[in-house]
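Those sequence lines, one after another, are chains A and B. Using our numbering, the first residue of the first sequence is number 17, and each one after it goes up by one. Using our numbering, the first residue of the second sequence is number 0, and each one after it goes up by one.
No wet-lab data here; the hints were simulated from the structure. All C-beta atoms, glycine included, are put in the ideal place defined by N, C-alpha and C. There may be inaccurate statements among the hints.
Unchecked claim - Examples of chain B residues toward chain A, derived with CB under 7 angstroms:
hint: 1; residue: Thr658
hint: 2; residue: Arg660
hint: 3; residue: Val661
hint: 4; residue: Gln662
hint: 5; residue: Ala665
hint: 6; residue: Ala666
hint: 7; residue: Gly670
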Amino acid sequence: MQFLLLAAFLFCVGVYGVLARKNAVLVLMSIELILNSVNINLVALGVYRGVEAAIIGQVFALFVIAVAAAEVGIGLAIVLLIYRNRASIDLSEVDLMKG
Amino acid sequence: MLDNIWLIPAVTALSFVLILFFGKREPNKGSSIGIAALGLAFLFSSIATVQWISRPADYEPKLEHAAAAHEAGAHHAEPIRKPVTREVTWFENGQVKIKAGTTADGLAIAMCLVVSLISLLVHLFSHAYMHDDERFTHYYAALSLFTTGMFVLVTASNTLQALFGWELMGLCSFMLIGHWWDRDGNKNSNAAMKAFFTTRTGDVGLLVGVSILFFGAGQTFNMQAINDAALSGHIAHGVLLAGAIALLIAAIGKSAQFPLHTWLPDAMAGPTPVSALIHAATMVVAGIYLVARLYGVFWVAFDIGGGGLNPVALVGGVTILIAAALAFVQSDIKKVLAYSTVSQLGFMMMALGVGAWTAAVFHLFTHAFFKACLFLGAGSVSHSGSHHSFDMVEDMGGLKDKMPWTFRTFVVASLALAGVPPLAGFWSKDEILVGAGENGYKLFLVVGLIGAFMTAAYMTRCIYLTFFGEPRGAAAHHHPHESPPLIVVPLQILAVLAVLAGLVNTPWKPWFTEWTSNATGVGAGLAHHGFVPITAAFSVIVGLGGIATAYAYYWRGLRFPITTEGAGKPVYRLLVNKYFLDDLYEGVIVRGIREPIAQGAYWINQKVIDGVVNGAGVAARGLARFVYEVVDQKIVDGAVNGAGVVSEESGSLLRHIQTGRVQQYAALMLGAAGVFALALVLF
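The following block holds chain B by itself, in its conformation from the complex (with noise of 0.2 angstroms):
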């Protein structure tokens, strides 16, 4: 399977095909032939990780950039699993040979495992939250669709790959955030829009990016090359801290990080599966994992071992911040999820940008789990419970009893993302929390239990918004009721997930670590802490702190003496507007460009070139007149009857061999064929 994990994405593109053309013909309208591929990727990912697992430890890394690791003051390297490539020539011009392939190490194969897994319950899930659906069949083959771009960004063994699943990625998000294009006015499609055009800013920078390491590293795409050649120093710093920067925005762009983070809020239009599988577990991590895949270059490039601050770390702790903040002013449950969302990637890029590589991969993995399963269960009280509204505000309270098996799933991711032990957020968040503290990084440990204390608060609110208090609104009035097996029965599965995947990585037992250990080549550079209780302790509390002052200011409806309407109101309008990042990109940039640079054109259009054009006019007025008399009439006009005069007379000359005699066309034909035959004899 290592060999061949090609037909992960072979099976879902297959689907993707099946579903377009035979899914309307199909009993389940398509959806079963997509959850059939998924449950086969599932497999094939299944098998690869069992394989891997048991691949043996015993490669040893070719130390060429061993200055490098050590001087980034790592311990000796340990052997490792050799990662699996295999690639074929793609096209080839002159010298440079493109390849296509796959690479399967622990990186790829546990993203293969996440995204094969959600992406299957998501397919479950939407059979019954979109059964009625009028585009169901267009739907499921997106979501094929979008699965196979995830594939083949996780298994790519080159940057062109990648960018390609990248890009296949971004176009079926755009699709599936407009799936309902035609409600609500314009504002499913506007979203979508704003989605792409947002990414797309960042893409720009990804396609920058992988040119200038395609020319740094000696002209390949392959990202082991890239990643070695970086580190060897073999790319000039100047053109790799370049390549670094297009690349990390690229990352910003497509992981909504601070400041283009505005999309993903707004993708919530889409149906809420899509917002579980696409905006939360998959695509918007692929930011993280280009960066994790990729973390030679930019530890090189940003000097990641040296400590300090660099760019990565810090668009991630502002990021953790800006996001979790906001989480707290928003009354639509999905908008709560999505802030969360950003904000969690926050994490994960501030891990990678202190060098805690590892956690955030780790990290990456459990928020996969108790993310969807968060995102599910608000479409599961949208479907079920609120009548198809998602304000916590006006149509949702008092689910709790109403919903059980929605509200205890609900209950147990948000705990995991809240960070209580044992749950699995606490044990990835926490081994971020260790590496910014050991690797010198003490202001991003403190940006992270900051966040850590604002996540926890703003879940027990949307908890209690959601699941407790009077029924309002819809939940009051529509009968609420526990929504259908195929609907619960992932959101169970990926409760179970959000308690159980962080053993995989505790500090006794670091199976995790060990399994993608050095999917970067970034080698031994990458020191793995132990656990260090004091950063635990504290992680634990100031994750209990959080749900305790949501529990006081709600349940027992302890008001702080800052509130929403006293001193707290510029803060609260200040998040309520989302810190006008929006109003700046329509209002001033967007406006900003249009009306100087519109005025500009405008004056210039009246002085300059209307000056231009009307001398241009009388100029050619004079031209005109000259032109016409001379060169029209004599010289064009001559030339025009002299050419029907000639085909006149050649037409009325030839129009005599045209007999429609067959026999003498033979005849000429021969004629014709005996003078070639005799210039070919004689020359």
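If we strip away everything but chain A, and leave its shape as in the complex, we get (with noise of 0.2 angstroms):
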């Protein structure tokens, strides 16, 4: 229960964060919050429904991990950009596709 208590709190604490923050870099930090969250719930719930679901809870997470990697690659590599071109990394900023 309590590892799903963790997982809920650190869901809240990324959600806040990505919705909340203007600084690109902390957004996200705060998405990968949002993941580790959901990888503790895989995890927890594998390892309640036994020995089984227990392994292919934790090969999903660490799949999820390596996903993760990725798109932090690639998100960061936007936010240099971003930086580059604007000098500023303030999201409130980047609105060019306002309608």
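Both chains are sitting in their own frames, so use the hints and assemble them into the complex.
Quick look at the structure:
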């Protein structure tokens, strides 16, 4: 139970970070928090449901970690380009797609 | 090898792909790939042949149809070699499983051996014959694909696969006849199209026949099962008859039988090795093969065992005489050979029609060798002797000493074709005649003898015009010489086979009969008749008589009271115009369809359709006004304008949420996900 609570807490922190912070790097870090909360859920729920499910959950978590690494790589590259073009990484200023 | 006979088509199919993709980069522009693949295919076929021959003949066929066999006046069934069938499920539809697979039995293996050997020699021959052709690589690719099609057909265990191979060959035949489509105006491409459409007319029959037999035999394409079902009487006779007629039409188209034979002489527009391979030894025998393979169907449907007249024998018999007569008036050496092929295919068809199954297959086997030899010989003459002309009257003559090997092989093959003992053609033709005589088809025995006489005579004429007399035209001016070894060696090999191939099935040692026995499932219904001296004597006499007659006419200048200018003129005109069959097809049928129908269509167009159109116009105008004023202006326009207004308004409302802010989007997504999660929990 405490694992799920921890995951929920991490998730909320992550969501707060994504929605409220203006610094793009911090937003990326918050996304990592969300993903890790999900990983905790996967592993924890797997363990609750027996050995086989535990293995599946852990494999899945590993999978998420690998994909998250790729995602962060791309995200940081985008942030770097934004910084080069605008000398700022404030997300509220990046609204070229405004309707 | 018998289990894995699929390797044979697989090798040539692979060769096709390799030549297509890498042929141009290969030093010999693709030909070495083709030759190597055919060498391998020939090796596989040889191994399969040896394995088949050494297979113990200890299989008692299921005698479910023993009654049918007995009815046909058969003697007791002997044990045979068990065919090797290997199938996998191709696809399933409900309860029906459609299988794909191979059958290796005597017939299939004999065909594989012939096809791979002739194809190998043709591949070799072509390397010299086509050496500076601009589409050399594509030529080899098409040859490989064609050979694949033939292998697929002969190794197929079911009719669907056979259909596939059959169509593949038709396509390749089209491509190869039209190989020189850009020469001589439209002649070559028209010939290719004629061949394609004429055989296509027959192919419709194949599709129909295969479908009929699929349902008739209880939803199976397996040829053994179809034969068994036909022989044991599980297929209603009407259904069987319809299927057999449809398949016979297919065989008539593909094997150039009367009245659909007209495409084969025109197909000579293709390169000569192609004619040797496709239009003498392999593709044109596909129709014969089909009848031989589904012999049970024909046997029961046409009551072949019962004597009398049946369509298969009739088609064959008519074709023998009609085509042989046409061969006399041709001046193009390849057309003589083409009509000769048609005539010999008639012999095979007739043999099947009179119940001489083994004789038909054996004639197919021997004919492939000597006719391929003749065609390649004609190619050699045109390549080195007559400056690419095929006209015997204008551009040949006196080549005997200039091209000694071509001459010798051509004569040997002609003698084999004329049925001079002990060459190959004698044994196979004799068996057909014996079969016709002993199975109660005396009429066809006579037809066969007349055909044999004519064959001997027109081949003698052909040899005279090509190799004897004074050199004319190109043969006199272009320094004829013997062809290179790559052309002569295949000729020599084929000539040797034309001598020896007949010895595998002499009346005293009928090996071939034993090896191919019961490939059909007809079982013991096929009585094998021994040697009948009187028939053999007649066959030799008419053969030699034909040669003697032509010899007297050409060498000794002996003229008969009937000449082409005198009393024989109408006949001569009839023959030169090919019985006006082309005129019938093009002038009467095509135009007959075109013109009255066109006129009728015009009348209908003017009176009926125009009236309808005018009436419709008036009605439409009234309707249109109503539609314009009420429907269009009010309803449609209203709807369109309404839609425009709605989208504009909603757009200007919704654009406010399109802020371009990533975090706001993320918040919206979170909200939406929350709503969905709530919905999932609640409902």
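Query raised in the report: Where does the structure disagree with the numbered hints, that is, which hint numbers, in rising order?
Result: Result: hint 7 breaks, nothing else.
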